[in-house]
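Participant: Please dock the two separately framed chains into a single complex, following the hints provided.
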Amino acid sequence: MNSLSDISLELLLPEAMMIVGILAMIIIPNLGDAKIRIPLTNTSVPVFFGGTRFAQVNNPFIPSVVAMITFTASFFMSLIMLEAETNGNIGEVMEINQFTNLFSLIFTSALLITSIATFYRMPPHKNPEIPKNTDSESSTGTKIKILMNNRRQVDFYILLMMVGLGMCLMSKSTHLFLLFVCLELASLSSYVLVGFYKESDIGGEAGTKYFIVGSVASAVGIYGMSLLYLWNGNLQIDSLTSSWATMESLDPFAGIGIGLMLVAFGFKVGAAPFHLATPDAYSGASSPIAGLLATASKAMGFVAIMKILLIITSSEEGIETYWMVAIALMSVITMTWGNFAALSSENPKRMLAYSSVAHAGYMLAAIAAIGSGLGDIDSNILIVTAVIFHLTILILFKFGAFLVLTILENEGLSHNMDGLKGLAKRDPVIAVSMFIFMLSLAGIPPLSGFLSKLLMINGIVNVSAGTGSLSSATILTWITSVNIIFWLALSIVINSAVSLFYYLRIGLIMFFEEPVIEEPPAKSIYLRIIIIICATFTILLGIGPLSEYLLEIANEAAQSLL
Amino acid sequence: MNLDILTIITLVPIFTGLILIILPQLLPKETADNLKLITRNISMGVALAIFAISTMIFIGTIGSVDWTDILHGEYVLKNEQFSLISSIGVQWKVGADALSFPMIWLTSLLIPISMLVEWDAKKGHIFHPLILIMEGALLGVFVSLDLFIFYVFWELTLIPMFLLILLWGGEDRKYAAMKFFIYTFTASVFMLIGILVMYFHTTPIPGIGSMTGHHFDLVQMSLQDNLIPNEGLRHFVWILLLIGFATKMPSVPVHTWLPDAHVQAPTAGSMLLAGVMLKMGAYGFLRIAVTIFPESTIIFMPLLVFLGMASLVYGAWVCMGQTNLKRMVAYSSVSHMGLIFLGIATMQPLGIAGALFMMFAHGVISPLLFAVAGAFKHHYHTLEIGSMRGIAHHSPYLSGHMMLGWMASLGLPLMAGFVAEVAILIAFWMSFGWLVMLPALTLIITATYYLTSMQRTIFESDDPHQGILPASLNGDEPRDVTWNENTGMFILGIFTIIFGIFPFIFWDMMSVWSTGFMSDIMISAMENTDAWSPSIDWILEVFK
Chain H
1 MNSLSDISLE LLLPEAMMIV GILAMIIIPN LGDAKIRIPL TNTSVPVFFG GTRFAQVNNP
61 FIPSVVAMIT FTASFFMSLI MLEAETNGNI GEVMEINQFT NLFSLIFTSA LLITSIATFY
121 RMPPHKNPEI PKNTDSESST GTKIKILMNN RRQVDFYILL MMVGLGMCLM SKSTHLFLLF
181 VCLELASLSS YVLVGFYKES DIGGEAGTKY FIVGSVASAV GIYGMSLLYL WNGNLQIDSL
241 TSSWATMESL DPFAGIGIGL MLVAFGFKVG AAPFHLATPD AYSGASSPIA GLLATASKAM
301 GFVAIMKILL IITSSEEGIE TYWMVAIALM SVITMTWGNF AALSSENPKR MLAYSSVAHA
361 GYMLAAIAAI GSGLGDIDSN ILIVTAVIFH LTILILFKFG AFLVLTILEN EGLSHNMDGL
421 KGLAKRDPVI AVSMFIFMLS LAGIPPLSGF LSKLLMINGI VNVSAGTGSL SSATILTWIT
481 SVNIIFWLAL SIVINSAVSL FYYLRIGLIM FFEEPVIEEP PAKSIYLRII IIICATFTIL
541 LGIGPLSEYL LEIANEAAQS LL
Chain L
1 MNLDILTIIT LVPIFTGLIL IILPQLLPKE TADNLKLITR NISMGVALAI FAISTMIFIG
61 TIGSVDWTDI LHGEYVLKNE QFSLISSIGV QWKVGADALS FPMIWLTSLL IPISMLVEWD
121 AKKGHIFHPL ILIMEGALLG VFVSLDLFIF YVFWELTLIP MFLLILLWGG EDRKYAAMKF
181 FIYTFTASVF MLIGILVMYF HTTPIPGIGS MTGHHFDLVQ MSLQDNLIPN EGLRHFVWIL
241 LLIGFATKMP SVPVHTWLPD AHVQAPTAGS MLLAGVMLKM GAYGFLRIAV TIFPESTIIF
301 MPLLVFLGMA SLVYGAWVCM GQTNLKRMVA YSSVSHMGLI FLGIATMQPL GIAGALFMMF
361 AHGVISPLLF AVAGAFKHHY HTLEIGSMRG IAHHSPYLSG HMMLGWMASL GLPLMAGFVA
421 EVAILIAFWM SFGWLVMLPA LTLIITATYY LTSMQRTIFE SDDPHQGILP ASLNGDEPRD
481 VTWNENTGMF ILGIFTIIFG IFPFIFWDMM SVWSTGFMSD IMISAMENTD AWSPSIDWIL
541 EVFK
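Chains as they are written, first to last, in my numbering: chain H, 1 to 562; chain L, 1 to 544.
In short, the hints are calculated from the structure, not lab data.
Bear in mind that the values here come from a model prediction, so they are computed numbers and not experimental data.
Misleading hints may appear alongside valid ones.
Using 25 angstroms as the maximum straight-line C-alpha spacing, the simulated DSS-like pairs for lysine-lysine come out as follows [what the hints assert, rightly or not]:
{"#": "1", "chain 1": "L", "residue 1": "Lys-123", "chain 2": "L", "residue 2": "Lys-36"}
{"#": "2", "chain 1": "H", "residue 1": "Lys-425", "chain 2": "L", "residue 2": "Lys-29"}
{"#": "3", "chain 1": "L", "residue 1": "Lys-174", "chain 2": "H", "residue 2": "Lys-425"}
{"#": "4", "chain 1": "H", "residue 1": "Lys-421", "chain 2": "L", "residue 2": "Lys-174"}
{"#": "5", "chain 1": "H", "residue 1": "Lys-143", "chain 2": "H", "residue 2": "Lys-198"}
{"#": "6", "chain 1": "H", "residue 1": "Lys-198", "chain 2": "H", "residue 2": "Lys-209"}
{"#": "7", "chain 1": "L", "residue 1": "Lys-29", "chain 2": "L", "residue 2": "Lys-123"}
{"#": "8", "chain 1": "H", "residue 1": "Lys-523", "chain 2": "H", "residue 2": "Lys-421"}
{"#": "9", "chain 1": "H", "residue 1": "Lys-523", "chain 2": "H", "residue 2": "Lys-198"}
{"#": "10", "chain 1": "L", "residue 1": "Lys-36", "chain 2": "L", "residue 2": "Lys-122"}
{"#": "11", "chain 1": "L", "residue 1": "Lys-377", "chain 2": "L", "residue 2": "Lys-179"}
{"#": "12", "chain 1": "H", "residue 1": "Lys-523", "chain 2": "H", "residue 2": "Lys-425"}
{"#": "13", "chain 1": "H", "residue 1": "Lys-35", "chain 2": "H", "residue 2": "Lys-145"}
{"#": "14", "chain 1": "L", "residue 1": "Lys-174", "chain 2": "L", "residue 2": "Lys-123"}
{"#": "15", "chain 1": "L", "residue 1": "Lys-174", "chain 2": "L", "residue 2": "Lys-377"}
{"#": "16", "chain 1": "L", "residue 1": "Lys-78", "chain 2": "L", "residue 2": "Lys-122"}
{"#": "17", "chain 1": "L", "residue 1": "Lys-29", "chain 2": "H", "residue 2": "Lys-523"}
{"#": "18", "chain 1": "H", "residue 1": "Lys-421", "chain 2": "L", "residue 2": "Lys-377"}
{"#": "19", "chain 1": "L", "residue 1": "Lys-122", "chain 2": "L", "residue 2": "Lys-377"}
{"#": "20", "chain 1": "H", "residue 1": "Lys-132", "chain 2": "H", "residue 2": "Lys-143"}
{"#": "21", "chain 1": "H", "residue 1": "Lys-421", "chain 2": "L", "residue 2": "Lys-122"}
{"#": "22", "chain 1": "H", "residue 1": "Lys-425", "chain 2": "L", "residue 2": "Lys-122"}
{"#": "23", "chain 1": "L", "residue 1": "Lys-377", "chain 2": "L", "residue 2": "Lys-123"}
{"#": "24", "chain 1": "H", "residue 1": "Lys-145", "chain 2": "H", "residue 2": "Lys-209"}
{"#": "25", "chain 1": "L", "residue 1": "Lys-29", "chain 2": "L", "residue 2": "Lys-174"}
{"#": "26", "chain 1": "H", "residue 1": "Lys-132", "chain 2": "H", "residue 2": "Lys-198"}
{"#": "27", "chain 1": "H", "residue 1": "Lys-425", "chain 2": "L", "residue 2": "Lys-36"}
{"#": "28", "chain 1": "L", "residue 1": "Lys-123", "chain 2": "H", "residue 2": "Lys-425"}
{"#": "29", "chain 1": "H", "residue 1": "Lys-145", "chain 2": "H", "residue 2": "Lys-132"}
{"#": "30", "chain 1": "L", "residue 1": "Lys-179", "chain 2": "H", "residue 2": "Lys-421"}
Covered stretches of chain H, as calculated for chain L (at least 3 residues, CB under 8 angstroms) [as the list claims (entries may be wrong)]:
{"#": "31", "stretch": "171-179"}
{"#": "32", "stretch": "280-291"}
{"#": "33", "stretch": "304-316"}
{"#": "34", "stretch": "432-446"}
{"#": "35", "stretch": "457-465"}
Beta carbons: idealized from backbone N, C-alpha and C, even for Gly.
For reference, chain L alone in the conformation it holds in the complex (with noise of 0.2 angstroms):
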C-alpha cells in the first residue's frame, strides 16, 4: 500500500491545529473572525475522518488486516522507513500491532467525545485545536517504532496538556500545572537516560546511523539478542525506564501529580489525561521495558507486585475519604492502574491480556466517570460530594450517566471493566495462589466508595421531590445536562456496554499477541533467570 495511513493519521491532526492556531493571527480581522467562529466545526470534522479511519483499519476496509492473525513481533501498516537524522541514527518508522491498534482506536474515539462534551468552550477558537494537537501526539506516541520519535511524541503530549490545564483549568491550575510538566518531564528524562544506554548497545545497520554508528529502532533492538551483555547495567537501565513509565501510569509512590491535574484540568482534559494518556506509562512499560528486558522484568516481579498492590490498596482506600468528586474518580484512576502492573506480574497470558484489555476497559468508562464530574461543576458549580442530596429529581440523564459509569468502574458484569478484572484476577490466583485475596477484596472497598457518592448525591433525601441543593447554585433551578454533553455520555456508556457483552471485539487480538509474547520472549526468559517466585516453575510446566 502506498498510502501510509499511521503517518497520515499522526500528521494530520497536527498541522490542522497548528493551523489553525496561527491561521487567524496572519488573516485580516475580519477573515480571522469568521475562521474563528468555525474552526471548532473544522477540528470536529478532521477529528470524525480520523475516527472513521481508524475504525475502517479495524474492520479491514483499510490496508485489510486481519487483526486476531498478527503474531507477536510483527507490525502492519508499516512505512517505508524514512531516515530524519541520518547521523545518529533516527527515522520515521510507524507500525501497529494488536498492543498499539486498540490504544490508537480508542484515541481516536475519546478526541471526537472530549471535544464534544466542551463544545461550548470558551475561546473555542484555541481549544479544539489543542485537543487535536493532542490527538496527534497521542497517535504518534502509538505508531511510533523509533526510541527518538517515541521520546518526542511523548513529550510532546505534554505540552498541550499543560496548555489546556492552565488556559481552562480551575482554581488552583498553575500550581497542577506546573506540578504536572515537571513532575512527568522528570521522570521521563530519566527514562531517557535508560533510552540513551539502550542506544549505546545496539549493533549498527548499514546506512543508518553514520556518525555514531547506532540507532533508535526499537523492532531491531528487541530482535538482537542481549542488547545490554551487562547484567547490572541491564536491571539499571530497567529501573529508569520503570521510573519514567510508573510516573505515567501512575503508580504509587509518584502518583501525586494526578489528582492535582485531574481536579483542575477542564472536563475534556481530564477525560484525555485518564482516557489516555495514564494508558502511554502502561503502554511503553510493556513495548519497551517488558519486551527488551524479560529478565529484569521476572527478577523485579515482586516489585511489581508490591507496587501494583500498593496502588491497588491506597488507591481505593484514600478515595473513602475524598469529598471531591473528581478528586475521588482520580484516585480510583490510581487504584485501577495497579490492577495492570499485577496483571503484568501475573506473567500469563490470560493476565497480560486482561492488563491489556484493562487499559482499554479504564479507557472507556474513566472518561465517562470525567465527563460526569464535569458536567456537576458545570451544573451546579461545585463537586463537594457531601453538598448536594437526592439530585436524581433535578437531572435525571445526569444522574443516570453517573449510575452507569459508577456501575462500570466497580465492575459490574457486562460492563467493560469486569472482563479485565476477572481475568486478571484468575492470572493472579493461577500465578500466587491464596495472594489474590487482597485484590479481590480491595473490590469491596471499591464499591463502597462508589456506592456511598452515589447514594450521597443522588438518592438520599427527605423529600422525594427536592433534593438538597448546593449552595454554590445561589438558590438557582439546578439545569439537566446539555444536549452535547448527553450525547457524549451516550457514546461512552453504549460502548462500555458493547464491549462489556462483546469482549471478544477487542480481547481475541489482545489474548492472541499475549500468548505469543509469553511463548516468544518470556518463557525463554524464565528459563534463563533463577529469580525466587513460587509461580515460575508453574508456568514452565504449563507450557511445556
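Next comes chain H alone, as it looks inside the complex (with noise of 0.2 angstroms):
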C-alpha cells in the first residue's frame, strides 16, 4: 500500500495549484466579520468567517481574479515541467510524462482562455435590475447590493476549476477506474456550466440535454468497464494491455467492453453517431463555454481513446487491430455529416459545433490508421504527432472562433449569422482575426491549421500508399489491391472542400453584408488581446521555427504514449 507521504507532490504541481485554488474561492467569498464569544466571558474574537462579508470580498471581480491567478500558474507549473522533461509515477494509478504535461498545457490553457473571457462578463441575476433616478434611496441601496454580489461568479469558477481538476489527472491516470472518476468530474462540471448560461431560453435545455446524454454515454461506458473487469479482474492499464496481447482469439466480454468504451469517449469527442447533443449544447452555452468543449473536452476524450485504442488494444506491428474497420467507418461518417451539417447550419455556433464534429473524424481517421497495423513504430508516432498536434493548436483557432462570438454575445446576436454581418465595417481587426480562424479551420496554407491536416494525411499516406500491389503496372489494378486506409486521405481532402463553402460564407457575411447594428461592438480589451494573441499564433504556427518547437514537443508526447 502506498502511504500519502510516498506521493511527490511536485509531480501533481498542476493539480495542487488548483485544488488551492478551489479551497481559496470557499474560503475568500466567505470572510466577514463573524465573531465568537469566548464562553464565560464578555471578550469576542473575530474568526473572519461567516457573519456579514466584507465589501470587498464580495466584490464581482474576486472570484475571476481568483480564478486566472490559479489558472496561469497552473499554466506556468505545465509549462516548466514540459520543459524540465518531469517524469514519473505516483502510486500505480498515475504516471506523468511529455504527453501528460502537454496535455495539461493544453487543458489549462484552454482553462485560462475560459477564465479570462468570462472576466466582467457575468451579470449576478439573470435579469439584475439596475437602479434608476426615480428609485428611492433604500431599493437602490438594495440593487447595489444585489448587484454587487459575487455568488454565481464563485458558483462558476469553481466548477470550471473542477473541470480543470478533473482533465488534468484524467490524462496522468493509468488506472481505468481513476480515468473514469477523473472523466466524470470534468464532464458533470461541464454540464452544468453549460447550463449556467440562463440569460439564454436555451442554455437550461442545453445543458440538461447535454447531462441526459452524456450520463447514459457513461453508463454505457461504465457497464463497458465492468465487462472489462470481468474478464481481467484488474483495470490497471498495464495489466489489461498485456492481457489483451496474449489474447488468441477476441473475448467477447473484452471486445464488447471496449466497444462499450467507445460510446462513452466517443460521446465525449463527438464522434458520430454520439454526436447529436453536441451542437444543442454547443449553441446552447455561453460562447467561452462552448470554446471550452470544444478544445479541452475534445482533447479529454481523445486523451481517453488514445489511452484505449493505441495502448490497450493495439496489436503487434503487421497485424490488423479488431477495430480498425469500426474506427475508419465511424470517422468517414463523422467527418462527412459533420460538414454536411454545418453547410445548412444558420447559426455560427451550431456551424462551429459541427465543423468540429469533423475535426474529430479527421483525427479519428488518422488514428485508423494505426489501427490498420501497417506502419512501423516510426510512422505510427508521426501520427500520433499529428494529432497531438492538432489539439494542442485547436485552442488558437477554434477557440478564438468562440471568442469572436463571445464579443458578439452581448448583443444578443450571436446565435444568428446576423451577429457577423458587416463585422468588418464594425470592427476591421476582429474580424480579419475570425476569417484568419476560418481559413486555418479549412486548412488554407500556411496556417497552422494546414500543417496539422497535412501532417494527419501524410500519416495516412505514409502507412498505406505502400501496400498497393507491387506488380501492378495500370492504375485498375493498382485501385483495387491499395488498403482502405488510403481512400481515408482522400476522403479527408474531399471534405475539406466541402467544408471551405462555410468557412468562406462566414467571411462573405463579415465583409459584404451590412450590419445589423451600426456601432462597433463592446470594446473587452482584454478578450480583444487574446483575440489578437490567438490570431498572430495561428499564422506563426503555421510555418517556421516556433511550429519546428511545437512539433518537437509533440513528437515527444508521442514518443512517451506509444
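Facilitator: What follows is the structure, given as C-alpha cells:
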C-alpha cells in the first residue's frame, strides 16, 4: 500500500494549484466579520468566517481574479514541467510524462482563456435590475447590493476549476477506474457550466440535454468497464494491455467492454453517431464554455480514446487491430456528417459545433491508420504527433472563433449569422482575426490548421500508399489492391473542400453584408488581446521555428505515449 | 553572390503589401489618411523596382547569368538552403531556370501594368497592396524548389485574388469568387495528396527531415531514379497531379470556374488571372508531373492530346456564341491553353519550346485583351457585343488597341502568338501527321469569332460619324481611354510586337531547355515504355 507521504507532490503541481484555488475560492468570498464570544467572558474573538461579508470580498471581480491567478499558475507549472521533461509515477495509478505535461498545458491554457473571456461578463442574476434615478434610496441600495454580489461568479469559477482538475488528473491516470472518475468530474462540471448560461432561453434546455445524453453515454461506458473487469480482474492499463496481447482470439467480454467504453469516449469527442447532443450543447452554452467544450473537452476525449485504442488494444506490427474497420467507418461518417450539417447551419455556434465534429472525424481517421497495423513504430509516432499537434493548435483557432462570438454575445446576436454581418465595417481587427481562424479551420496554407491537416494526411498516406500490389502496372489494378486506409486520405481531402464553403461564407458575411447594428461592438480589451494573440499564433505556428518547436514537443509526447 | 535576389523579390512585395494594409489601422487617423494617399505610389514603386531587378537579372547585370547556356536540371541564382521546419523536411530553397525565368519576368512586367490600368481604383489603399501581395505569391510559385513551399505559395495566390474579385468585382461577384476559390482549392488538395505520396518515397538526405526521414526537395526528387517504384501508384499520382494542374490551366472539362471568375473580376484581376495564374498550371505540370514521371506522361499522351484538342476546339466553338466580350476572351484563353497541352504531348523539343513560348506570349497578349474589355466596361458600362456599333468614331485609341490585341490573339504573323502557334503546329504535324488538321482548322474558328466581334463593335455602322451607342450610357457621349489605360495597353502592345519580330529573346533559352529536357528525361523514358503511339518510334529515330 502506498501511504500519502510516498506521493511526490511536485509531480502534481498544476493540480495542487487548482485545489488551492478551489479552497481559496470557497474561503475568500465567505470572509466576514463573524465573532465568537469566548465562553464565560465578554470578549469576542473575530474568526473572519461568516457573518456579514466584507465589501471587498463580495466584489464580483474577486472570483475571476482568483481563477485567473490559479490557472496562470498551473499553466506555468505545466510549462515548466514540460520544459524540464518531468516524469515519474504516483503509486500505480498515475504516470507523469511529456504526454501528460503537454496535455496539462493544453487544458490549463484553454481554461485560462475561458476564465479571461468570462471576466467581467457575468451578471449576478439572470436579469439584474439596474437602479434608476426615480428609485427611493433604500431600493437603490438593495439593487446595488444585488448587483455587487458575487455568489454566481463563485459557483461558476469553482465549476471551472473542477473541470480543470478532472481533465489534468485524467490525462495522467494509468488506471481505468481513476480515468473514469476524473473524466466524470470534468464532465459533470461541464454539464452544469453549459446550463449556467441562464441569460439565453435555451441554456437550461441545452444543459439538461447534454447531461442526459452524457450520463447515458457514461453509464454505457461504465458497463463496458465492468465487463473488462470481469474479463481481467484488474483495470490497470498495463495489465489490460498484457492480457489483450496474450489473448488468442477476441474474447467477447473484452471486445464488448472496449466497444462500450468507446461509446462513452466517442460522445466526448463528438464522433458520429454519438454527436447528436453536441450542436445543441454548444449553441446553448455561452460562447467561452462552448469553446472550452470544443477544445479541452475534445482533447480529453481523445486522450481517453488514445489510451484505450493505442495502448490497450493495439496489436503487433503488421497485424490489423480488431477495431480498425469500425473506427475507419466511424471517421468517414463523422467527418461527412459534420461537414454537411455545418453547410446548412444558420447559427454560427452550431456551425462551429459541426465543424468540430468534422475535425474529430479527421483525427479518428488518423487513429484508424495506426490501427491498420501497416506502419512501423516511427510512422505511428508521426500520426500521434499529428493528432496531438492538432489538438494543441485547436485552442488557438477554434477557441479564437468562439471568442469572437463571445464579443458579439452581449448584443444578443451570436445565435444567428446576423451578428456577424458587416463585422468588418464595425470592427476590422476582429473581423480579420475571425477570417484567419476560418481559413485555418479550413486548412489553407500557410496557417497552422494546414500543417496539422497535412501531417494527418501525411501519416495516412505514409502507412497506406505502399500497400498496393507491387506488380500492378495499371491504375485499376493498383486501386483494387491498395489498403482501404488510403481512401481515408481522399475522404479527408474531399471533406476539406466541402468545408471550405461554409468557412468562406463566414468571410463573405463579415465583409460584404450590411451590418444589423451600426455601432462597433463592445471594447472588451482582455478578449481583444487574447483574440489577437490567438490569430498571431495561428499564423506563426503554420510555418517556421515556432511550429518546429511545437512539433518537437508533440513528437516527444507521442513517443512517451506509445 | 551573397545577396539572394530571388528571395528578395519574392518576400519584399508580400511584406510591403501587408504593411501597407495593416499600418493605416494602427496609426493615428490623420497620419493614416496621409499614408493612404501615397499607398498606390509606394506599391507602384516597389513593383517597378522588382521589374527593374528582373530585367537586370535577364540582361545579366545581376548575377551575370547567361540564360541561353543553362542546361536542363541546372538552376541559377540558388540560395543557401535554409531549413524552415526541419523535422518534416521543409526548406526554403529557390532557384530559376529557363522554364521559370520567363514567367518571373512576365509576372514582374504585368504587375506594374495592371496597377497602372486601375490607377484610380476605389479604395486604392487596399487595391494596390493586394496586387503587390499577389505578385509575391506568384513569384513564390515560380521560384520555389521545395514542394511544400510551392504548395503554400500556390494556395496563397488564391487569397488576394479571392479578395480582388469580391471587393471590386461585378454584379455576381460573390458567386464567382466562391466558385473560383472552391474549385481551384479542391483541385489542388488532390494535387497535395499526390505530393505527399511523392514525399514518402524520397530517400533521406542527412540533416533534413529528422522526424520523418523524408524531404520536399524538388531537385532531389527529380534526381532520384524511379521515385515511385510501384507503377500503378505512379500513374495514380500523375493523375492526381494532373487534376490539380489541369484545373488551374484550365482544361476542358474542369474549366467552368474561369469564365465566371473573369467576367466578375476587376480588370487588374482578370489581367493577372489570365496572364500569370493560368500559367501556374502549365508550369507546375511541366516542372513536377512531366519531369518526375516522364513514363506516365508518355503512357497518358493520348489523354493529353484529347484534353488539349477538347479545350482548343470546345473553347473556340463556345467563343462563337458569346455575346459578352469578357466571357469571349475568357473562353479564348481556354482554347489557347489547349495548345499548351498539345505542345507538351508532341514530345519534341520544338513542341515543348512552343508550349513554353505560348505560355509567355499568351501572358503578354491576354492581359491586353482583358485591359481592352475592362476599358469597355469602364467607359461604355456594358460588355454586350451587340449593343454597340461603330465605336471607332468615339474611341479611336480603344479601337486601335482592340484591333491589335485581337489580331495578336488570333495569330497574325509578326505578333508573339504566331511564333508559338506555328512551332506547336509543326511539332504536332511531325508527331501526329495529318491529325494536325484539327488544331489548324480551329484557328479558323478563332479568326471567325475575333473578326466578327471586332467588326460588330468597332466598325459596322450605317452612319460613319455616329455609331450606335449602348443604352447603358443613357445618351452620354462616351470618352476614350484614360491616360493610364492607354499607357498600359501601349506597353503591352509594344511587347506583343517586339516578341513577334524578335522571338529569339526568350525563344533561345526555351529551346535550349526543351532540347535538354528531351534528351535528359524523355528519351530514356520512351525507350523504357512500350506505350502505343505512332510518333514515339519516329522521335527516337530522329534522336539517334
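Participant: Three residues or more, CB to CB closer than 8 angstroms: is that satisfied between the stretch 304-316 of chain H and chain L?
Facilitator: It is violated, with 0 qualifying residues against the three required.
Participant: Holds or violated: L:Lys-36 with L:Lys-122, Cα cutoff 25 angstroms?
Facilitator: With Cα atoms ~12 angstroms apart, L:Lys-36 and L:Lys-122 stay inside 25 angstroms; holds.
Participant: Is H:Lys-523 within 25 angstroms of H:Lys-198, Cα to Cα?
Facilitator: holds (23 angstroms)
Participant: L:Lys-179 and H:Lys-421 were given as a pair; does the straight-line alpha-carbon distance stay at or below 25 angstroms?
Facilitator: Holds - the C-alpha atoms of H:Lys-421 and L:Lys-179 are around 21 angstroms apart, at most 25 angstroms.
Participant: Is the Cα-Cα distance between H:Lys-132 and H:Lys-198 25 angstroms or less?
Facilitator: It holds: about 24 angstroms lies between the C-alpha atoms, which stays within 25 angstroms.
Participant: Please work out if H:Lys-421 and L:Lys-122 have their alpha carbons no farther apart than 25 angstroms.
Facilitator: Holds. H:Lys-421 to L:Lys-122 sits at ~22 angstroms (cutoff 25 angstroms).
Participant: Are H:Lys-145 and H:Lys-209 close enough, with their CA atoms no more than 25 angstroms apart?
Facilitator: Answer violated: H:Lys-145 to H:Lys-209 is near 34 angstroms, above 25 angstroms.
Participant: Taking beta carbons only, do three or more residues of the stretch 432-446 of chain H come closer than 8 angstroms to chain L?
Facilitator: With 4 residues in contact (Cβ-Cβ under 8 angstroms with chain L), the coverage given for the stretch 432-446 of chain H holds.
Participant: Given the proposed pairing of L:Lys-29 with L:Lys-123, does the C-alpha separation stay at or below 25 angstroms?
Facilitator: Roughly 16 angstroms between the alpha carbons, so the hint for L:Lys-29 and L:Lys-123 holds.
Participant: With a cut-off of 8 angstroms between beta carbons, are at least three residues of the stretch 457-465 of chain H near chain L?
Facilitator: holds (count 5)
Participant: Can you confirm whether the C-alpha distance between L:Lys-174 and L:Lys-123 stays at or below 25 angstroms?
Facilitator: The given pair, whose Cα atoms are some 18 angstroms apart, holds under the 25 angstroms limit.
Participant: Has the given pair, L:Lys-29 with H:Lys-523, been kept, meaning a C-alpha gap of at most 25 angstroms?
Facilitator: This hinted pair holds, its Cα atoms lying about 19 angstroms apart.
In summary, the structure is inconsistent with hints 16, 18, 24, 25, 31, 32 and 33 from the numbered list given earlier, while agreeing with the others.
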